[in-house]
Structures are given as structure tokens and as C-alpha cells.
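Chain order of the listed sequences is P and E. If you're matching positions, the first sequence starts at 2 in our numbering and goes up one per residue. If you're matching positions, the second sequence starts at 2 in our numbering and goes up one per residue.
Treat the hints with caution; some may be incorrect.
A pair holds if it fits inside one copy or across any two, identical chains being indistinguishable in the list.
Simulated crosslink set (DSSO-like; lysine-lysine; CA at most 30 Å straight-line) [claimed, not checked]:
{"hint": "1", "residue 1": "Lys210", "residue 2": "Lys303"}
{"hint": "2", "residue 1": "Lys105", "residue 2": "Lys50"}
{"hint": "3", "residue 1": "Lys105", "residue 2": "Lys26"}
{"hint": "4", "residue 1": "Lys218", "residue 2": "Lys294"}
{"hint": "5", "residue 1": "Lys211", "residue 2": "Lys270"}
{"hint": "6", "residue 1": "Lys334", "residue 2": "Lys26"}
{"hint": "7", "residue 1": "Lys211", "residue 2": "Lys303"}
{"hint": "8", "residue 1": "Lys294", "residue 2": "Lys213"}
{"hint": "9", "residue 1": "Lys89", "residue 2": "Lys218"}
{"hint": "10", "residue 1": "Lys155", "residue 2": "Lys218"}
{"hint": "11", "residue 1": "Lys303", "residue 2": "Lys270"}
{"hint": "12", "residue 1": "Lys303", "residue 2": "Lys50"}
{"hint": "13", "residue 1": "Lys213", "residue 2": "Lys155"}
In short, the hints are calculated from the structure, not lab data.
Protein chains: 2
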Amino acid sequence: MNNYELGDIELLSGETLLSAKLAYKTYGALNSDKNNVILLPTFYTGTHKRNEGFFGANRAINPEKHFIISINLFGNGLSTSPSNADKKQRGSKFPTITLWDNIKCQHELLTKNFNIEKIALVTGWSMAGCQSYQWAAQYPDMVEAILPFCASAKTSEHNFVFLEGVKAALCADPIWNNGDYSSPPIEGLKAFGRVYAGWAFSQSFFREKKYKELGFKNVEELLIDWENDHVNNWDANNLLTKLLTWQQNDISTGPIYNNNFTEALNRIKAKAILMPCSHDLYFPPEDNEFEVKHMQNAELRKFDSIWGHCVANPGNDKNFEVALDNAINDLLK
Amino acid sequence: MNNYELGDIELLSGETLLSAKLAYKTYGALNSDKNNVILLPTFYTGTHKRNEGFFGANRAINPEKHFIISINLFGNGLSTSPSNADKKQRGSKFPTITLWDNIKCQHELLTKNFNIEKIALVTGWSMAGCQSYQWAAQYPDMVEAILPFCASAKTSEHNFVFLEGVKAALCADPIWNNGDYSSPPIEGLKAFGRVYAGWAFSQSFFREKKYKELGFKNVEELLIDWENDHVNNWDANNLLTKLLTWQQNDISTGPIYNNNFTEALNRIKAKAILMPCSHDLYFPPEDNEFEVKHMQNAELRKFDSIWGHCVANPGNDKNFEVALDNAINDLLK
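My request is simple: use the sequences and hints to build the entire structure.
Structure (C-alpha cells):
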């Protein structure tokens, strides 16, 4: 993993992020034409490490052919985050960061550090997919294709409400103390994970006991695993920072489109395949149906699966992996 | 409102509920043939008062024709509950109560207090609808028709997980103190309401800003209303008692069917119309599709609406009210 030092960054909110850095990792090599760049942003509880499940020597994205740049989201604990920021901005003092800010900084990394002018593909799951839309809207001349899966160009009001729920569960733990905790709010993190689990799969996933394919004997085992994942791997303020970024996701925010969402969609030049999951409870296909109507060169390719949002988590559904790789090949050919 | 004193009740769990009482209210009069009885159990955050939105002089259930008995669920603060129980069983010391226990006690009220032998219809929304199935399975010779709407004969595993989420949000507040609180766990109750709101309607309800029809300018106003409803109207232990009853809902529990769910469905003699809402996130129609296949005399009549589970809350959707009344008339004719 490498760190790219950005210095002090002026944010869309008007605040400044001090001594900002992006943590990233590359795989493969840039070719002489510089036309084999594939950008993978990270998802909500992801890092570049978890992105490694989306590519490989036998996959559509192949480090033997492509120059893959995997960039960590601000707030994920590797790029600048409440847990590792300049002391003046640590914890509860961390500023509000939008996807606009993330993508502006990722753009600097690509152009200044790598002298890259074109990106063949930006793709990702969930909040990573949201970043692919943001890239295509913010830098329409630079992005040749996007493939957001289980994602949206603008966080829907229902998705916002779902996130308010998990946030409320975490913040009900007074150890959280408005972000000024001295030890982790463990009960709050557990509650966060337990509420989240109900949204991550579909009703039919549970009806058909698909969780057994993940190695859980019953739902309680699954719930405890979700609790532990949040307690062991995530800092509360980091989670809440990224949650706020997610809630504010809207490609038309900022100086170019001034909140004209359909205009922002329309100005995306990238060839796009939007791949929602039929049973995703918080990124339902209906939101992508609206998007595809207003994009220049986009196809809606809904994937039917009772896995819901977690269909795309590497290892969960082999059929999704095949469909994803086929779509990526279609965009890259 | 009247109270029916049950004395000490032996529960399915083996525990005893001390000095139990059912709070109920009747409307209309029992006719001489005693064939005009309509039973309305109460839903999760309901009381007999909120059931009054389901009948009236111009409705299918009409107190001028029917003898309506509206019975409060154990745990709702009117019937025996953690908040009002015998001192030995108050608060965290309240025993586990199933729908089997509720219906056994409701049966005693009807047979011993009113000498009623036949019920023309048991109907209700959500957990009240669950009680209609329980009645028909537990006393198949007494119940002539049921109309559960947005309900199920057995709580699905996904529904169980959703309930674990709202419970975890409440219990993350240490004021709750494992049920031994001296003042209400307000932050926990707020979190409970905030998590719940995401499940109560559908994704499309929010997309189409239907909450404006409820008088809310934006989602935050809706969320605050849900917070306040729980803080102002509900005791935490009462909510958790009913939640556990809901999680354990399964008409095949108990001595008659010994957990043979399809057998229990098959032994229901009542004429039934099952009325799920197409967009209900926790009582999805798929669960009722299974049920109707195994019932002797049941029809599935799905109601299509983006209101989701709350389609049936009186006043929300006039079209649902019409469909409900038509179905009730079909069962009563």
C-alpha cells in the first residue's frame, strides 16, 4: 500500500482537510499507450484489500493486462480518517467529506502522480459504484466506461432513512459521546451491525436459509458475525464519516451541475452498464431505471438474485461474478 | 374499556402469569343467534383505541350490525404488561408470553364471559393478523372466517432479524439496564423508532415522497415523529415483551401441532382471505403464498401499494380501506 500526500485540501463544504492523504495500491503495469487503467474505489466497509476479490488472472479485470489502481475512501481508516487525521481534526473534529472531494483527490493522484489522462473503466460495488458515477460526472472527458453495481448516482431518501437507522443504533450508546469516546462504543457498534444485517440480504435469502452457504448454522450466528465485524474492524467515527458521505451522495452536488441531477446524468459521456440486484433492499433497481433514461450511453442490466445487496460481496454468488465479468468484458472490448 | 380478570395463568413457557387481566372493549350488541361476533385483536403498537379505525357505521364491520370485541395484547400497557403487572413480575421480571397464551386467554373471555361459541370473523393488521391465524389454528371449530392483512402465520427469519435490529437499537442505551430502568431509556426508544421507520414503508414510498400525504415536509420530520411516538406512548419493556411474542409467532407451537407448521395450516377450517401488501418489507407476500397452498379454504388477495406495511394504518390509503371492506363483505356474506 502507498500513500499519496495531498497536503491541505479545500473541501466542498468550505472546510479544509489538513495533511490529507490517499492510501492506494496498484496491480499490474501501465502500458505505453496508457489506455489500460482500471480504477477501483472502495465500498463502505471495504479497503483496497477487499477489492482484490474483484480481479485476478482469470477474471475480466486482470493485472496481467490492466493497470489497476485501488483507492481507499476517506474515512476508511487507511486514507485520511477521523482515526488517523491531523490531531486538530481527529475524532469528532473531522470535517464533512463528499464524494466530490474524494474524486477530486483521486483525480489529482491519477493525473499528477501517474500522468494518466484516460481511465478505461471505473467500477465498484455499492459506495464504490457511487464513486464511479461521480467520476464520470465530474470528469466526463477522462472516463471511458463505468460499471456501478448495487449503487446509485444519488442516495435515495429511503437509503438515507436506512442509514439514519444504523446511525441511531450506534449513537444510542452513550460511550460514543458525540464522537469524543476514549474507548470504542462496543454496544453501539454491535447494534449498528445487527440493524445493518437485516438490510444486507433479501427476505428470500433468509426464507431459503442461504446464510448456510456462508457457514452460519442459524440467523443468530450471522448476526453475531455482523456485530463482531463492526466491533473488531471499524472505528465508530470512521463509520459515521463515511455514512455521512454516503447520505450526501449526489453527482449533481457542486459547482458543475448545481444540483440539477438529470443534467448531471445527461453529461456523463462514459459508456455505462448499471447492474443493480433485483432484491437489493437499499439500492433497488428502480433508482437505476431513472438514471439510465437520462444517460447518453447506458444500459440497465439487472441481476436477479435473492442475495440482495450482498450478492456482490466477493465469494457470495459465483453467478454474479460471471455476470459481472461478462459486463466488464462488454465495456472493455 | 373493561378488564377481564383471568387469575394466575399457566403459560406455554411453563411460567405463571400472576393476576392476569385482558383489557377489552365491545361495540354493538350480541344478537340472539350469537352469530354476529367479530373479534379484533390489537397490533404491535396498537390498542383497542387504534382498532376503531377499522370499523364504523359505513364500514364492512359495523357496530349497528356486529358485536365487535376488541382485545388488547398482553404487553401493550392495558392488558397485563411489564408496566402494570403484579409487583413480583414487573419490568424485567415479566415472563415470556406467546400468541398461544394470548389466544387461550382471549378464548376464555369469549366463552366464559360472553358464552360465545362461534366467531364470524377474526381480523387484524400485522401482529393482530397473526393472532387471527392463531385463533383459527388453536380453535378451528370456533372460527368461521379470518382476514389477516400484512401478517403471517409464522414469523419469518427475515422478520425476526428486522426485529433483532430495532431491539438492539433500544438496548444499546444503557439506561435500559437490562430492563431495570428507573427512568425511560429515551435515546434507545428514539433509536428504536428511527430504525423502525425505514421498514414501515417501501422504498418507492420515499422515492415518490408519499410522506407528504401524512403531513411531513421531509424525511427528518417523519423520523422525529416516529421517535416521539415511541418515547411518548410506549414503555421499553412493554415494547420488548410484545417484540418477543412477535418473534416467536408460529401457529404450530404448542401441544396441538408440535411445530408441524404445514399441518397447523392444513387444520385451519376458517374461510380465509390473506391480504398482504405487495411492498411490505417485513411481511412480504411470498410468506402468504406458502400459507395459502396449505390451507383448506383460503384465498390470497394481494394489495398492490407502495405504502408498504403501513398501507393498513387507518387513514393512510383510502383504496386499501375499500379493498379491506370488500374482502370482509366477501367473507361475511
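- Query: Can you tell me if lysine 213 and lysine 155 fall within 30 Å by alpha carbon in one copy, between copies, both or neither?
  - Reply: Between copies only: 21 Å across chains, 34 Å inside a chain, cut-off 30 Å.
- Could you place lysine 155 and lysine 218 in one of the four classes (within, between, both, neither) given a Cα distance threshold of 30 Å? Answer is between: at 20 Å across copies they meet the 30 Å cutoff, but 37 Å inside does not.
- Item | Same-copy or cross-copy closeness of lysine 211 to lysine 270 [CA-CA at most 30 Å] | Neither: 39 Å inside a chain and 33 Å across chains, both beyond 30 Å.
- Task: Measure nothing new, just compare the shortest in-copy and cross-copy C-alpha distances for lysine 105 and lysine 26 to 30 Å and report within, between, both or neither.
- Result: within (18 Å within a copy, 64 Å between copies)
- Message: At most 30 Å between alpha carbons: which applies to lysine 105 and lysine 50, within, between, both or neither?
- Response: Cα proximity of lysine 105 and lysine 50: one copy only (22 Å, versus 56 Å across).
- Within a copy, between copies, both or neither: where do lysine 211 and lysine 303 come within 30 Å Cα-Cα? both (21 Å within a copy, 26 Å between copies)
- Item | Status of lysine 270 relative to lysine 303 across identical chains (alpha carbons, at most 30 Å) | within (21 Å within a copy, 42 Å between copies)
- Message: If the cut is 30 Å between Cα atoms, do lysine 334 and lysine 26 qualify within a copy, between copies, both or neither?
- Response: Within one copy only: 25 Å inside a chain, 71 Å across chains, cut-off 30 Å.
- If the cutoff is 30 Å on CA atoms, where do lysine 89 and lysine 218 land: within, between, both or neither? Let me know, please. neither (46 Å within a copy, 37 Å between copies)
- Message: When Cα atoms must be at most 30 Å apart, do lysine 303 and lysine 50 count as within-copy, between-copy, both, or neither?
- Response: Within one copy, since 27 Å is at most 30 Å while 45 Å is not.
- Message: Cα distance capped at 30 Å. Does lysine 218 pair with lysine 294 within a copy, between copies, both, or neither?
- Response: So lysine 218 and lysine 294 pass the 30 Å test across copies only (28 Å; inside, 43 Å).
- Query: Is it within, between, both, or neither for lysine 210 and lysine 303, if the alpha carbons may be no more than 30 Å apart?
  - Reply: both (23 Å within a copy, 25 Å between copies)
Of the numbered hints listed earlier, those contradicted by the structure are 5, 9.
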